[in-house]
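Asker: Chains as they are written, first to last, in this note's numbering: chain A, 16 to 397; chain B, 16 to 397; chain C, 16 to 397.
Heads up, a few of these hints could be off.
Copies of the same chain look alike in the list, so a pair counts if it works inside one copy or between any two.
[To be verified] Quick list of in silico lysine to aspartate or glutamate cross-link-like pairs, EDC-like style, CA-CA up to 20 Å:
id : residue 1 : residue 2
1  : Lys77     : Glu298
2  : Lys168    : Asp294
3  : Lys22     : Glu298
4  : Lys297    : Glu241
5  : Lys184    : Glu17
6  : Lys206    : Asp335
7  : Lys206    : Glu57
8  : Lys168    : Asp230
9  : Lys47     : Glu298
10 : Lys282    : Asp319
11 : Lys248    : Glu370
12 : Lys80     : Glu298
13 : Lys282    : Asp265
14 : Lys248    : Glu125
15 : Lys233    : Glu57
16 : Lys22     : Asp319
17 : Lys214    : Asp379
18 : Lys22     : Asp294
19 : Lys234    : Glu370
20 : Lys297    : Asp265
21 : Lys206    : Asp294
22 : Lys214    : Glu57
23 : Lys77     : Glu125
Hint data in this document are derived by calculation from the structure and do not stem from the laboratory.
These are the residues of each chain, in order.
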Amino acid sequence: QENYWIKPDSLFKFVQPTASVQFWGAYSSGEKAQFAANGPLEAAQDRMSFMLRRARFGFKGKPYKRVSYVLTVQLDNLGKDKLSSVRGATNTGTLGILDAFVTTRVTNNEMAFITVGYLQPQISRECITGDINVNSLDKSVSQTYIRQHMDGKNYGRAAGLNVGGTKTKGNFSLTYNAGIFNNMTTAADTKNFPESSGKNWSPLMVERIALTFGDPEKKTYSINYETNNFFNKRNGITIAGFSSQQGGTDIFSNSHINGFDVLLNFKNLNLDGEWAWLDRTKEGTSTHAQTGHIRAGYNLIVADKYFLEPCFMITDYSGDAAGQFTGRDRLYDAGVNWYLNQRNFKISVHYIAQEGAGVNGYTDGVTFKKGNFLGAALVVIM
Amino acid sequence: QENYWIKPDSLFKFVQPTASVQFWGAYSSGEKAQFAANGPLEAAQDRMSFMLRRARFGFKGKPYKRVSYVLTVQLDNLGKDKLSSVRGATNTGTLGILDAFVTTRVTNNEMAFITVGYLQPQISRECITGDINVNSLDKSVSQTYIRQHMDGKNYGRAAGLNVGGTKTKGNFSLTYNAGIFNNMTTAADTKNFPESSGKNWSPLMVERIALTFGDPEKKTYSINYETNNFFNKRNGITIAGFSSQQGGTDIFSNSHINGFDVLLNFKNLNLDGEWAWLDRTKEGTSTHAQTGHIRAGYNLIVADKYFLEPCFMITDYSGDAAGQFTGRDRLYDAGVNWYLNQRNFKISVHYIAQEGAGVNGYTDGVTFKKGNFLGAALVVIM
Amino acid sequence: QENYWIKPDSLFKFVQPTASVQFWGAYSSGEKAQFAANGPLEAAQDRMSFMLRRARFGFKGKPYKRVSYVLTVQLDNLGKDKLSSVRGATNTGTLGILDAFVTTRVTNNEMAFITVGYLQPQISRECITGDINVNSLDKSVSQTYIRQHMDGKNYGRAAGLNVGGTKTKGNFSLTYNAGIFNNMTTAADTKNFPESSGKNWSPLMVERIALTFGDPEKKTYSINYETNNFFNKRNGITIAGFSSQQGGTDIFSNSHINGFDVLLNFKNLNLDGEWAWLDRTKEGTSTHAQTGHIRAGYNLIVADKYFLEPCFMITDYSGDAAGQFTGRDRLYDAGVNWYLNQRNFKISVHYIAQEGAGVNGYTDGVTFKKGNFLGAALVVIM
């Protein structure tokens, strides 16, 4: 082979199909909606709703020694009843792109990688952890507010370029990421410019630095995090700070996020949480919001046969009256996970209670108000 | 490995890609449409239309000994001319989800399986047979009416949970299925609640029981049926009864289907048919409809080289004037199939004649009236 | 096995996943748009836009000795800012079908193949070359005008049937293709008949004949062309003539394309170009347009380590005032490609300058006028 062609990696790894599914049965109660034009909020009948809460397939590969890629398609919320108490959109049977990025290793070690494509900016831990891996029934609601504030999209993905790396020395690890992205939701006229920064433009910058004491979370660098339960194999704590900044656009003069997150795994205990401050200025007026969650799970091995994890989570959001999402939104999750094959095969039963006021993901005071639900979940990752 | 982790099945089987294509060239004549606003039905010029009548790809796998899954994406009707005489929607190049389900075997034998996800409720045989496997050019029109009546969708799929199993003893086999599903098309206000049961909710229940005398259809349980031609290898008859029930929703107080189907394979003969009664009550008023088909094929092996099957089918629908689909709709199909590699590679030429009146899949009396067509088909299943 | 079943080819080749990605970072300047209703063209702020200019995945296989298929899904322009100077649509995260066809070899040699499905009609070389393989940053704009004129779609694909083949004898090769297709964009009333030929119908016929002197382009027949750079391995010239014809429809009485293209590879030089005349008649009035490009690249191997290709392209369009696209549209591309693993791994930096007037892809005089941009590209084909 000529010297100017780089050597491909093992052919077998070029294109590997991937698939995963998170099926839910959710029994909702107390959901309210506006059924008559200009009418009051009325109760929807309690109901069972089956759904593919999340289902994904795609491809990944490592065509060259220093080049890998991920492409993931989602068909989330298929079958979900709009009047169930589960948050999120409904789906009539369509597919969408979740991830599509290429990562290149710059250095011989794990200290510098460049990732380009359509990806999750590296912000809070909940935002960058795989959607069906968390130990609560669903991901914390706080991540949706962070993503919306950062780049205007519930899925949080944006096109851009991220530089990151990781270094472990003894009981101490450091991981950093910094990226520049498009925010395609800042046009004043979103009808005629639906996928655009608008007449004015500023880049979106996103950063995250994580310090670990004890066992590292990962031995190799990647921009996706797998789980917050290490099945009693990790004793360590990771504390991270994250932020995002964007300057002037059609709809704000600047927009910021600042926050931190913590993950502690010690013997049977899995404890994590995060808090973020969401700030925005327009025409000299600043609006502020805060959001976060705390979550605890405890691994129980019953009769050497069942790996169970009782788990509890509180999520919270509060925002100024002048902001995009106002008032309060709180969600409680209590339940048990049964892991049959670590994170790859899981059955869960959780109860979700929700409360709040204002205009946010819980209610807009006029057209909807979420109820509570009992949810059973099956997760299979292929 | 720890005792509490279940053992994965052969790695190779985790994610297997699948693909199939049914290409048609259809020469239509006699198609009519309303070309001018409030104008009469006028003849569209006779025309050739090429189309991917059905094209699917996806993944299937068996990650654990008792767990398997199927995920199928469809891109049906790509290239289809809206004014060809072929029924069904047109497609501008988009994809949709067809199937996405996980099946778990509960017992050590084939007697109990639970399937969850987005799947075809187990109702009439024509509804649960793979779309490109039947020996008529297209599936019977009756299945569309059954699916529409059952869960309001032409594709028939719904999110839910099905329990089923099969047992063979000597010359006798029994297969049963019973499921509970969401019907996401019963909101009074479908504009604001497009994917919802509406203010009121009732579960959709669907059942099917099949008895076989002689050779069984399948040795292992699954919710998809492959073909009604067994290529002279099966001598047996299967008779099934099926039904669906749903109680009060925004748009009806109850909705039912009752029906039966028969498949006879004896030497060279392939004979099948089904009949279903579709009933619905709203505010004390009942509406009734009936639909079904009968179809016969005869396998001919010519010069030990060509496996041909001349085939004939009649489908019929008749509905009350007060129902969703009214009047009569009849379709005749006569043609020949040439099987090059059993069901996996097939070339067919059929002539389709259609007639009817009222408001249904054949005509609405105002905007369209289907013509006849000569169709040539190529089927390749990978 | 019975004699009437044809023998499957190697099982391994049934379904092979494929994937490719073309990531761009484009810094735009001088882009203009109409921001206020009925307002003038105003400058959009200069901006960086990251995008998956093209990203594709799919499956291909060869289930039988004489039967192969290709299925490709695209998620192009993901992340693209509508106000960047890069042409083409934006994408909110959806997928679409690009190719879905089956090819059967009729003869024992390469002289006759039938391809059916959804495919690119075999017209100009730029139209039938893989989208991310050309040596300019993007494909020539001329191909978009040719595709639009031929079948009304920017992607150019249509459902139909193509017959083609190739024959090499010594230093001389001949390749031919002729196809019949649906044109689904000729209805007078595109709102009510969005995917239809309309009330009237004519088939679309497309032909191409190519003569090669010297080294052939391909040893085996296929309808997709890979690249115009053979990395110093080919000394040959290919000259092709192409045409398309369509008779009366709702929107024209006839429509034609006539053109030619040339590809010369000689030692380090890669030179190609094409020119096409686009004609249409309606109610006795004829409209005419012309479009084409010329492009030159020169392969440089630096220090036996870097395979570089400086490249320059001019594209041009001019059309009658009465036509679909009027006035002039010209684009200049100058840049350098760095090939790391032939066409499969490429990094490029190009500058694109655009100018024109009228109503076309460059401007409509009222709502948009394209600027210039500096683009960096990463191409990885798996």
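Asker: Would you mind marking each hint as holding or not holding in the structure?
Answerer: We went through each hint and held it up to the structure:
Taking the closest pair of Cα atoms, Lys77 and Glu298 never come within 20 Å of each other, the shortest separation being 48 Å inside a single copy and 58 Å across copies. When the C-alpha separation of Lys168 and Asp294 is checked against a cutoff of 20 Å, the pair qualifies only within one copy, where the shortest distance is 17 Å, while the shortest distance between copies is 44 Å. Within a single copy, Lys22 and Glu298 get their C-alpha atoms no closer than 55 Å, and across copies no closer than 60 Å, so neither meets the 20 Å cut-off. For the identical chains of this complex, Lys297 and Glu241 are neighbours neither inside a copy (37 Å) nor across copies (51 Å), given an alpha-carbon limit of 20 Å.
Taking the closest pair of Cα atoms, Lys184 and Glu17 never come within 20 Å of each other, the shortest separation being 39 Å inside a single copy and 30 Å across copies. Taking CA atoms no more than 20 Å apart as the test, Lys206 paired with Asp335 passes in neither setting, with 26 Å inside one copy and 32 Å between copies. Taking the shortest alpha-carbon separations for Lys206 and Glu57, only the inter-copy value of 18 Å comes in at or below 20 Å, while the best intra-copy value is 31 Å. Taking the shortest Cα distances, Lys168 and Asp230 never come within 20 Å of each other, neither inside one copy (34 Å) nor across copies (52 Å).
In the homo-oligomer, the alpha carbons of Lys47 and Glu298 never lie at most 20 Å apart, since the shortest distance is 36 Å inside one protomer and 25 Å across protomers. For the homomeric pair Lys282 and Asp319, the shortest alpha-carbon distance inside one copy (16 Å) is at most 20 Å, but the shortest distance between copies (55 Å) is not. In this homomeric assembly, Lys248 and Glu370 never come within 20 Å of each other (Cα to Cα): the closest approach is 36 Å inside a single copy and 63 Å across copies. Within a single copy, Lys80 and Glu298 get their C-alpha atoms no closer than 50 Å, and across copies no closer than 62 Å, so neither meets the 20 Å cut-off.
In this assembly of identical chains, the alpha carbons of Lys282 and Asp265 never lie at most 20 Å apart, being 50 Å within a copy and 52 Å across copies at closest. For a Cα distance limit of 20 Å, the shortest separation of Lys248 from Glu125 qualifies neither inside one copy, at 22 Å, nor across copies, at 38 Å. Within a single copy, Lys233 and Glu57 get their C-alpha atoms no closer than 49 Å, and across copies no closer than 50 Å, so neither meets the 20 Å cut-off. Within a single copy, Lys22 and Asp319 get their C-alpha atoms only as close as 47 Å, which misses the 20 Å cut-off; across copies the closest is 15 Å, which meets it.
Within a single copy, Lys214 and Asp379 get their C-alpha atoms only as close as 30 Å, which misses the 20 Å cut-off; across copies the closest is 18 Å, which meets it. In this assembly of identical chains, Lys22 and Asp294 lie within 20 Å of each other by CA distance neither inside one copy nor across copies; the values are 48 Å within and 49 Å between. Proximity of Lys234 and Glu370 under a CA criterion of 20 Å is satisfied in neither setting, with 40 Å inside one chain copy and 52 Å between copies. Taking the shortest alpha-carbon separations for Lys297 and Asp265, only the intra-copy value of 10 Å comes in at or below 20 Å, while the best inter-copy value is 45 Å.
Taking the closest pair of Cα atoms, Lys206 and Asp294 never come within 20 Å of each other, the shortest separation being 25 Å inside a single copy and 35 Å across copies. Only between protomers do Lys214 and Glu57 lie at most 20 Å apart by alpha-carbon distance; the minimum there is 9 Å, versus 42 Å within a single protomer. Taking the shortest Cα distances, Lys77 and Glu125 sit within 20 Å of each other inside one copy (16 Å), while across copies they are farther apart (35 Å).
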